[in-house]
Amino acid sequence: MTESRTPVISVRNMAKNYGELKVLRKIDIDIYKGEVVSVIGPSGSGKSTFLRCLNYLEELTSGEIVIHDQTLKGIDEDKRHKKQNDKAAREIRKNVGMVFQQFNLWPHKTVLENVTECPVQVKKVNKEDAKAKAMELLKKVGMDGKANAYPTQLSGGQQQRVAIARTLAMEPEVILFDEPTSALDPEFVGEVLNVMKDLAEAGMTMIVVTHEMGFAAEVSDRVCFMDGGYVIEDGTPEEVFKNPKSERAKQFFSKILNV
Amino acid sequence: MSFFDEFIHVAEIALPLLLQGLGATAAISVLSIIIAMILGSAVGYMCLSANKAVELIARAFIKIFRCTPFMVQVYLAYYGLPALGLNVSAFSTGVIILGLYTAAYTAVILESGVSAIPKGQFEAAYAMGMSRFSTMVRIIFPQTLKIIVPSLTGQFVQTVKDSSILSIITVAEMTMMTKEAIGITFSPLFVYICAGVLYWALNLVIEFASKGIEKHNNRVAI
Ligand SMILES: Nc1ncnc2c1ncn2[C@@H]1O[C@H](COP(=O)(O)OP(=O)(O)OP(=O)(O)O)[C@@H](O)[C@H]1O
Ligand SMILES: [Mg+2]
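So the protein lines, in turn, are chains A and B.
Residue 1 is where the first sequence starts when you use my numbering, and the numbers rise one by one after that.
Residue 1 is where the second sequence starts when you use my numbering, and the numbers rise one by one after that.
Heads up, a few of these hints could be off.
[Claimed, not checked] Some chain A residues judged to face chain B by a derived CB distance under 8 Å, without partners named:
#, residue
1, Asn-55
2, Arg-90
3, Pro-107
4, Cys-118
5, Gln-121
6, Lys-124
7, Met-170
[To be verified] Which bits of chain B does chain A cover? Going by a derived footprint, with three or more residues having C-beta under 8 Å, they are:
#, segment
8, 121-130
9, 139-147
If you are wondering where the hints come from, they were derived from the structure by calculation, not from laboratory data.
We put the CB at the ideal spot given by N, CA and C, even for glycine.
Only chain A is shown next, with the shape it has when bound in the complex (with noise of 0.2 Å):
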């Protein structure tokens, strides 16, 4: 990691507050171009705050988040910065995707119309050219041959496979997971994590929160470890789950790992 190099996303001075309770203290962190970021910690920890925070699904208490040239900025500073946020935030969202872990594919629509629907609508990409490439992105992720089905009539792991397609479809540079893997049966675990080793091979950015700590080691190039609202570790997989520096982590990891 050269320090030269611009991150696609940086946050910086980061809080966020639910009424009382704060969930994220202060976040620093940088992401680089086809970096592999993995978020660990327990549950609470407030990591899905964290992702959800980069494309402004919850609005950010205080600090700023800077994806491209766009900003984010904690509302409690001033409450104009609602307005330009909700401006940047569209900005955002065309190149940042989001995976989510119950997959929230659309169920009044089939698996090829949840891939192209936002290609056609957001994007205006014209139907004939959405759907060719939606089919190539199902073919990737094993789905084609269930393009015309509903995703009711899909196993969780074929649903998650077609929501990463549908977030594919929008050519993201950046795209967050959440968990994706927890709602899964276990037998449908494997699959949904092949997708996303292929993906991180091509080289997408890709930040995961995850409690498959086997992918977190494996396929990452760096892991966060939160607690109580901070970043505690950010490194390597060798150097956070070898030698942890805090206390924190090491616990956490003897707990997971004794389970």
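Following the hints, position chain B with the ligands against chain A.
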């Protein structure tokens, strides 16, 4: 004259008048329902706005029309619109007020449909760059149909029935024409039987249409 002969006799005189009224009732109902769907959607959408002022206006609209008797609203419109310098016919006044009244209920039904859709459905659309408006129209609304079509049907059947109240402001709809037919035949029982059957028939059309939409929904959204 037998009971049956008498009924036929009354019906022969009353039916032309009633059918004339039925035409007006159908027209009033259809126009009111169209107003209610357009305005109700707008008000329902405003209820979900992030802008508190917009939401407040929508909620006030709903409260006003749901918490006062329809008959009072009808009289207010009948005497109020001319006082505001708007000289509209009784028919138009009736359509407007019944449209507004039904819109308030439609908005509530739409809002409850939207609130039944999981948050993740919105978030997936927002995260992909969709605007609030297209998310509502293309992603959320189609999913609410299953939930709201039965309630909307009930509401629109109610609208047909409520249109009878417009007879108090001289709209020549079916209830008004019923009274006129009674004036000629002096046979309220038989004339009201005819009117009841015709109202029922009109509402069967609405229920039939609704069943068609439900069937279509079930085929599309599995
Ligand atoms: N919309 C909300 N309103 C109020 N509190 C919230 C909201 N969303 C999350 N929280 C709280 O914020 C804290 C952090 O939640 P978050 O979902 O970010 O944790 P997490 O690290 O993703 O946990 P998990 O591993 O269980 O998914 C929790 O205490 C949670 O209860
Ligand atoms: Mg979470």
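Original post:
Checking against the hints above, which ones are violated?
Top reply: 6
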